[in-house]
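Colleague: Kindly produce the complete structure, drawing on both the sequences and the hints.
Protein chains: 2
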Amino acid sequence: MSTDQISVTIDLGDRSYPIDIAEGLLSDPALFSQCPKASMAVIVTNDVVAPLYAATLEASLRRYYPRVHTVILPDGEEFKTWQTLQKIFDGLLENGADRKTVLFALGGGVVGDMTGFAAASYMRGVPFVQVPTTLLAQVDSSVGGKTAINHPLGKNMIGAFYQPQLVVCDLETLDTLPERELAAGIGEIIKYGPIYDMEFFSWLEANMPALLRRDRAALAHAVKRSCEIKAWVVGQDEREGGLRAILNFGHTFGHAIEAGMGYGNWLHGEGVAAGMVMAAELSRRLGMVDAAFVARLRALIERAGLPVRGAVIDEQDNAGRYLQLMRVDKKSEAGEIRFVLIDGPGKAVVKPAPDALVREVIDACCAPT
Amino acid sequence: MSTDQISVTIDLGDRSYPIDIAEGLLSDPALFSQCPKASMAVIVTNDVVAPLYAATLEASLRRYYPRVHTVILPDGEEFKTWQTLQKIFDGLLENGADRKTVLFALGGGVVGDMTGFAAASYMRGVPFVQVPTTLLAQVDSSVGGKTAINHPLGKNMIGAFYQPQLVVCDLETLDTLPERELAAGIGEIIKYGPIYDMEFFSWLEANMPALLRRDRAALAHAVKRSCEIKAWVVGQDEREGGLRAILNFGHTFGHAIEAGMGYGNWLHGEGVAAGMVMAAELSRRLGMVDAAFVARLRALIERAGLPVRGAVIDEQDNAGRYLQLMRVDKKSEAGEIRFVLIDGPGKAVVKPAPDALVREVIDACCAPT
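Chains as they are written, first to last, in UniProt numbering: chain A, 1 to 369; chain B, 1 to 369.
If you are wondering where the hints come from, they were derived from the structure by calculation, not from laboratory data.
Incorrect hints may appear among the rest.
Remember, identical chains collapse to one label, so a pair may be satisfied in a single copy or spanning two.
[Unchecked claim] For lysine-lysine, the following DSSO-like pairs were computed, each having C-alpha atoms within a straight-line distance of at most 30 Å:
hint, residue 1, residue 2
1, Lys351, Lys100
2, Lys87, Lys224
3, Lys100, Lys331
4, Lys87, Lys347
5, Lys331, Lys37
Modeller: Printed below as a string of structure tokens:
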């Protein structure tokens, strides 16, 4: 079935921009008429996405840019490093990219985060456009201007708040997404329920089978509603002075799993999925939600094919290792970990929790299944 | 003689900040009460400046910050690289720096540029304070929020516009500055005459001996007037959409000399000095200033002990190599080099020039003396 084009606006004053959502957008050159003019466009993508979509995007962009150059990075979270970022800078400088050159991030969250940081830093800032081709990137990482690379001691530690000019979510690109990555994207979609919109959560419960079989209309609604919620939150708090941190529900535990297992072993959305169950369980032990809520969240995550238990990342002192990794989280202050907790379904708060209680949650949620 | 404390404000709305200029500021803890509060301060400095001033600054900061940690980098433009920047990130993460940690850049332009970029990028942005200890940094690089590292293919290619919270210019630190670096700083001061203020230029002509013997009152006036002009320009055009580029007078040729000779062989201020003569000569050949103006500029630069001739950076094709290096300048657009030219003394414009004429200028200004 076909979907109508949807546009969601991120309202940030003179940094506002649209998120366009529909099928077939990559091959619709008219869409790109709204991009900044320049003598060159540079597409940054990875070696999995390039054979699928680079030629289509190049053809669309050639209508507007005399020169279109493509930089191809290796695929995977383990390459979200300075070394890979350098490949983008090398490609830009070797091809004579100037301050007006427009970068296009064609791929998932890793490509988007790295291209965004490259755009923020190249000659102290050039314009860029997000063209997310994974569900996770369409519903979360391509929207809101968070860009970063990983540091060996922590995920997304080096980066910038830097907004794109436009986000292009072509639903057709989800056809080629591996099942595991589709599920990981659904993990980030589920997130928006507990923190903000339990009506959307109910919709997800009713429509999980449609999402899993990639029904276009269901995907369109899920992407749209996710972007609307994210747009609202980012519009209130662009630089994460407070509210925006609620979007990191499940991420504190999740980042520890990702780092503890070695980047690339657990997908980001998988870490977030198990992390949401752990954060919900912590909320329950703090008396903020009941067991029925935790069970309901766990059930939906399980139906999406996502992990509901944390990984054992240290055989000797698992909880200790979690705590150690979580202390370098960006939400920490003076060594105190701050968790995104659910204070009643549909409402998130950010606050610390006693180490002993956190250890209990880790022990309960990571025991062998 | 003693100097009164002077304060110049950079007016950028909610990113405004003061530049405090006086002697003895490093050992005046009251001064730092205006810095953001946090549980930790991190001083970034280099192995030349650290033994001279790190302990003094640490002592002043301990009054406000429970933890003060110092990161010491190798000294020199050739270390203005990602590898060195990583040492700052390592130091921050290993010491548990969080989003509120305040960075203090104690040193010259290289330390300031790198610390500023580290502050812009660490956890997507932490506050920082510039404590410039060289004349060049006090009159130019510490003010205005340009931060960067070099790329093998071009100077300052990777960076951010990121404003400090405060700039502390302690004139006492200039006592220990090597003569060559004092002269390099005077090069950047001279720049403000031709581009904006010929009255200041006349003052410099009258006071060059006082500056060279490090007369405190003369230095205080030169730093203050330079900061005032820079503050005005940056206040008009923070992100170099247009006007701000005039501050790069002499820098297009100068960057080519620095890169062509290998970073660290010519000081930045030395490249700018010879570059100003070359840019003035190009302006003359375009009919924008007369020979008397070029001679007057050259004479003042020479009195400061700075080079007035460009380096020969390629024995075979010197002009060709200059052009090649200048094409990657950040002011270039679509491969066309844009020069800061003097359109009558005291007024700068940014425009391209014919390659043939630029070659003539390079040949005339780089011939063996």
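Colleague: Need the list of violated hint numbers for this structure, in ascending order.
Modeller: Violated hints: 2 and 4; rest satisfied.
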